[in-house]
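Novice: Letter by letter, the chains look like this.
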Amino acid sequence: MLHVCREGPGPSGGELHFCLRNEPKTFNPILVDDEASEHIRYLTGGVLIRANRQTQALEPSLAESWKVSSDGQKITFQLRKGLQFSDGTPFSSEDVAYTMRLLMDPQAHSATGDAFRSAEGRVNVQTPSSDVATVTFPAPVAGLERLFDQVAILSAKSPKKEMSVLGPYYVAEYKAGSHILLRRNPNYWKRDAQGNRLPYIESVRLEVQRNRDIELMRFQRGELQLINRLEAEQFDRLQKENAAAARNAGVGLDAEEMWFNQVPTAPLADYKKRWFQTTDFRRALSMAINRADLARIVFFGYATPAYGPVSPSNRFWFNPALPAPKYDPHGALVLLARAGFRLDHGTLKDSAGNRVEFTIVTGAGNTAREKMAAMIQQDLSQIGVNLKLVTLDFSSLIERITRTFDYDACLLGLVNTDLDPNGQMTVWLSSGADHQWNPSQKSPATRWEAEIDKLMREQATLPNEKERKAKFDRIQEIVAEQQPFIYLVNKNALSAVSVDVAGAAPVALNPQAFWNIDTLRLGASGQLGANK
Amino acid sequence: MSGRRLLRIFCYSILSVAFGAALFAGTITKYSYAAQFRDVPNSPPSAMHLLGTDGLGRDLFTRVIYGTRVSLLLAPAAAFLATAIAGILGGLAGLRGWLTEKVILAFADLSLALPLLFVLVALRALLPLDVSPIFSVIATFFILGLLGWPASLRVVWAAVRRLRQSDHFLFATALGYGKTRLLLCQVIPNLRPILLAQFWISIPLFVLTEATLSMLGLGVMEPLPSWGNLLRGCENFSAMAANPWRVVPLFVLIVTVICLQYILPTSGETA
Numbered sequence: 001m002l003h004v005c006r007e008g009p010g011p012s013g014g015e016l017h018f019c020l021r022n023e024p025k026t027f028n029p030i031l032v033d034d035e036a037s038e039h040i041r042y043l044t045g046g047v048l049i050r051a052n053r054q055t056q057a058l059e060p061s062l063a064e065s066w067k068v069s070s071d072g073q074k075i076t077f078q079l080r081k082g083l084q085f086s087d088g089t090p091f092s093s094e095d096v097a098y099t100m101r102l103l104m105d106p107q108a109h110s111a112t113g114d115a116f117r118s119a120e121g122r123v124n125v126q127t128p129s130s131d132v133a134t135v136t137f138p139a140p141v142a143g144l145e146r147l148f149d150q151v152a153i154l155s156a157k158s159p160k161k162e163m164s165v166l167g168p169y170y171v172a173e174y175k176a177g178s179h180i181l182l183r184r185n186p187n188y189w190k191r192d193a194q195g196n197r198l199p200y201i202e203s204v205r206l207e208v209q210r211n212r213d214i215e216l217m218r219f220q221r222g223e224l225q226l227i228n229r230l231e232a233e234q235f236d237r238l239q240k241e242n243a244a245a246a247r248n249a250g251v252g253l254d255a256e257e258m259w260f261n262q263v264p265t266a267p268l269a270d271y272k273k274r275w276f277q278t279t280d281f282r283r284a285l286s287m288a289i290n291r292a293d294l295a296r297i298v299f300f301g302y303a304t305p306a307y308g309p310v311s312p313s314n315r316f317w318f319n320p321a322l323p324a325p326k327y328d329p330h331g332a333l334v335l336l337a338r339a340g341f342r343l344d345h346g347t348l349k350d351s352a353g354n355r356v357e358f359t360i361v362t363g364a365g366n367t368a369r370e371k372m373a374a375m376i377q378q379d380l381s382q383i384g385v386n387l388k389l390v391t392l393d394f395s396s397l398i399e400r401i402t403r404t405f406d407y408d409a410c411l412l413g414l415v416n417t418d419l420d421p422n423g424q425m426t427v428w429l430s431s432g433a434d435h436q437w438n439p440s441q442k443s444p445a446t447r448w449e450a451e452i453d454k455l456m457r458e459q460a461t462l463p464n465e466k467e468r469k470a471k472f473d474r475i476q477e478i479v480a481e482q483q484p485f486i487y488l489v490n491k492n493a494l495s496a497v498s499v500d501v502a503g504a505a506p507v508a509l510n511p512q513a514f515w516n517i518d519t520l521r522l523g524a525s526g527q528l529g530a531n532k
Numbered sequence: 001m002s003g004r005r006l007l008r009i010f011c012y013s014i015l016s017v018a019f020g021a022a023l024f025a026g027t028i029t030k031y032s033y034a035a036q037f038r039d040v041p042n043s044p045p046s047a048m049h050l051l052g053t054d055g056l057g058r059d060l061f062t063r064v065i066y067g068t069r070v071s072l073l074l075a076p077a078a079a080f081l082a083t084a085i086a087g088i089l090g091g092l093a094g095l096r097g098w099l100t101e102k103v104i105l106a107f108a109d110l111s112l113a114l115p116l117l118f119v120l121v122a123l124r125a126l127l128p129l130d131v132s133p134i135f136s137v138i139a140t141f142f143i144l145g146l147l148g149w150p151a152s153l154r155v156v157w158a159a160v161r162r163l164r165q166s167d168h169f170l171f172a173t174a175l176g177y178g179k180t181r182l183l184l185c186q187v188i189p190n191l192r193p194i195l196l197a198q199f200w201i202s203i204p205l206f207v208l209t210e211a212t213l214s215m216l217g218l219g220v221m222e223p224l225p226s227w228g229n230l231l232r233g234c235e236n237f238s239a240m241a242a243n244p245w246r247v248v249p250l251f252v253l254i255v256t257v258i259c260l261q262y263i264l265p266t267s268g269e270t271a
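Same order as they appear, the protein sequences are chains F and C.
By our numbering, the letter at position 335 of the first sequence is numbered 335, and the numbering carries on one by one without gaps.
By our numbering, the letter at position 251 of the second sequence is numbered 251, and the numbering carries on one by one without gaps.
None of these hints come from the bench; they were simulated from the model.
Just so you know, not all the hints are guaranteed correct.
Heads up, simulated SDA-like pairs for lysine to any residue below, C-alpha to C-alpha not over 25 Å straight-line [unchecked claim]:
| # | chain 1 | residue 1 | chain 2 | residue 2 |
| --- | --- | --- | --- | --- |
| 1 | F | Lys190 | F | Ser37 |
| 2 | F | Lys371 | C | Pro244 |
| 3 | F | Lys240 | C | Ala242 |
| 4 | F | Lys81 | F | Glu145 |
| 5 | F | Lys349 | C | Pro133 |
| 6 | F | Lys240 | C | Asn236 |
| 7 | F | Lys371 | C | Leu250 |
Computed spacing ranges between beta-carbons, pair by pair [stated by the list, open to error]:
| # | chain 1 | residue 1 | chain 2 | residue 2 | range |
| --- | --- | --- | --- | --- | --- |
| 8 | C | Pro128 | F | Gly365 | 16 to 26 Å |
| 9 | F | Lys349 | C | Leu73 | 30 to 40 Å |
| 10 | C | Gly20 | F | Met217 | 35 to 45 Å |
| 11 | C | Leu99 | F | Lys349 | 50 to 60 Å |
| 12 | F | Lys349 | C | Ala158 | 53 to 63 Å |
| 13 | F | Thr417 | C | Leu110 | 44 to 54 Å |
| 14 | C | Ile254 | F | Arg117 | 54 to 64 Å |
| 15 | C | Pro128 | F | Thr265 | 17 to 27 Å |
| 16 | F | Met217 | C | Thr212 | 18 to 28 Å |
| 17 | F | Glu120 | C | Leu208 | 50 to 60 Å |
Here are a few chain F residues that face chain C, going by a calculated C-beta distance under 10 Å [as the list claims (entries may be wrong)]:
| # | residue |
| --- | --- |
| 18 | Ala373 |
| 19 | Gln378 |
| 20 | Asp393 |
Note that beta-carbon positions come from the ideal geometry of N, C-alpha and C, so glycine has one too.
Can you make the complete structure from the sequences, with help from the hints?
Specialist: What follows is the structure, encoded as structure tokens:
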């Protein structure tokens, strides 16, 4: 492996090595719906507006500036002049129009495109000049400009189609099951303060490696320079063995959570349905879970007890007024007594004398979740609840929680990539398929779900961010009161960065360790990022 | 005393200790296998915790002993079930011949062709969720026993066929022995060593299959320990290097399986 070491501004050359956990499903940025493809899109795609992963603010990218109309239906971009794709094809507003046409084509089934679909109807793109593009949507789209962070612009004219890119790198070589080699885009538009063309690193080799243990061993041997999303146990070991390489960016966006099955037609005993639909029951069990222990033991301290649907790392949308989760088994028993439950010789029983016992399902093979479930089992036994843990292979689990609804409670994680709550529309709307505790309802089953529906729909049409925030804060309050999801912990964003990589400053948002890929250098170990 | 015999005595002694520990687990250790000492997760061996603790602070020595109980008592039960099914069906196929033989052998071949692990995972997913860990572990081994017979059946069937063509069997038939007398006086005594060998061979097989299932997270339910789910502490090589005492369940499993192999009767003894 060649590392050309250079200090100071200017290209450092060399080849950066890191791993993808899976084979990318596509190189077409329009069709991306998996993490590996998303990484490729981030490294190769040029976007009109880029969300700075560190400040979380929007920054001009291919567009010098933009303006959203007061009704939130129209956005006008002023494009940079004289830019070229990686194959030399000139960039113009026609490319923006072409990309939006492809993106919004219903036949494309683009997940990125779906985020823009606030109502039925055509999306119009006008190109009054080669450096101005105006996109008009049939209805207001909340958080419109932020959505363009995911839209990599394609060339309308290049014969190389989606392989012609505007991002810092282009795909030079792909060997299925082995690696993807990205080379520096000689036409990348961005320059550093000294006027040197970015990126500094000549090429990036992404190796497909599913085994996390092997990935860490290779990092330790110096064969890899970055690891994104390290497991807490691995990070803890790395911290002890090579502290300089272990980077903790603090609390991340991902959450671990559990919920009770509240589907009215679920094949469960009626008394169990009554328990699960009782707010005090859910709140009491939530209070009886020692989240601090979960964070300390399962995640080696690299997690934070979770408050609600939004992680504190999502600075704008997090509601700091939410009450912190409290571990209080005695308080839990008081709440349960209020709901008609009683402790009988160490066993919790409902008013009809039914013993409170239920199963919690989780995916087989996820050690952290199995450990969490075992700890919750012990916590709940303190209030007389008999919790049984069942691990299922992933397809059986999905079958139960989405089709047959033959389960009591489920423990899973939420991987959050979108800061904007609109990305969770199908989770919060009672008609949504991802409204896990009682999905796809014809009309809201409870008053509080009806209120969430109303607030979610209202915030989605408001152009003013502060007004949207006020609505979503109220949603967070309702969720904290009702506990349809019992949030357990927010995991920290952990990564490993070799001391050979200068300029790295891992953050909580994806792609954590290489969000600033264009300013990373290989070489001088003294030039490490400040976010250590 | 021959070396083989000495080795066998040694293996019997180890297995006796293991079985004894499994049977009297409650008196050997003062801890519950589920008790979590949350202040000392992943702790090294100490006077309080002889083999240290696991990731949740549970006493590893206690879990190994209770895990031995689960694996070492239920694997022979599953082996007995599989051998019994193989004995009955193999005997029936060998004695009756013709259509019965063809149907049973075809069924056995079909069962052999199915990937055991896949069938186990599918059957395991069909189990009701609302069962206790004890029931779940018994069900897992019961399924193992129900699915583990086809290979033994082939051996039993071949032995019965050989027996049916033997002179003493023909002589007994010529003497007018009835079917029951033939079965009791000729078939069962002659099959006994083969069935015994199949039984002993199946035990380590089922121990390892349970271990594989548990490694996939689909075996014995938490918090009940088994060798399989204890081995999950070893699936991460670097974690094992940092906590070497986690290797003990693997060591116990290897030693037990080797001992079970060594106490098997030799071909001369089964003849």
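Novice: Decide, hint by hint, whether the structure agrees.
Specialist: Structure-based check of all given hints:
1. Lys190/F with Ser37/F: holds, 23 Å
2. Lys371/F with Pro244/C: Distance ~20 Å between Lys371/F and Pro244/C Cα, so the pair holds.
3. Lys240/F with Ala242/C: Since the Cα atoms of Lys240/F and Ala242/C sit roughly 10 Å apart, the hinted pair holds (cutoff 25 Å).
4. Lys81/F with Glu145/F: Within the cut-off at roughly 20 Å; holds.
5. Lys349/F with Pro133/C: Roughly 21 Å between the alpha carbons, so the hint for Lys349/F and Pro133/C holds.
6. Lys240/F with Asn236/C: Within the cut-off at roughly 17 Å; holds.
7. Lys371/F with Leu250/C: At roughly 20 Å apart (the allowed maximum being 25 Å), Leu250/C and Lys371/F satisfy the hint.
8. Pro128/C with Gly365/F: 16 to 26 Å: About 22 Å separates the Cβ atoms of Pro128/C and Gly365/F, which means 16 to 26 Å holds.
9. Lys349/F with Leu73/C: 30 to 40 Å: Because 33 Å falls inside the window, the suggested range holds.
10. Gly20/C with Met217/F: 35 to 45 Å: holds, 40 Å
11. Leu99/C with Lys349/F: 50 to 60 Å: holds, 58 Å
12. Lys349/F with Ala158/C: 53 to 63 Å: Holds - the Cβ-Cβ distance for Lys349/F and Ala158/C, about 59 Å, lies within 53 to 63 Å.
13. Thr417/F with Leu110/C: 44 to 54 Å: 46 Å Cβ-Cβ, so the 44 to 54 Å window holds.
14. Ile254/C with Arg117/F: 54 to 64 Å: For Ile254/C and Arg117/F the Cβ distance comes to about 58 Å; the hint holds.
15. Pro128/C with Thr265/F: 17 to 27 Å: Roughly 18 Å apart at Cβ, these two residues keep to the hinted range, so it holds.
16. Met217/F with Thr212/C: 18 to 28 Å: holds, 24 Å
17. Glu120/F with Leu208/C: 50 to 60 Å: Between Glu120/F and Leu208/C, where Cβ atoms are some 58 Å apart, the hint holds.
18. Ala373: holds, 7 Å
19. Gln378: holds, 5 Å
20. Asp393: holds, 6 Å
Violated hints are absent here; each numbered hint is respected by the structure.
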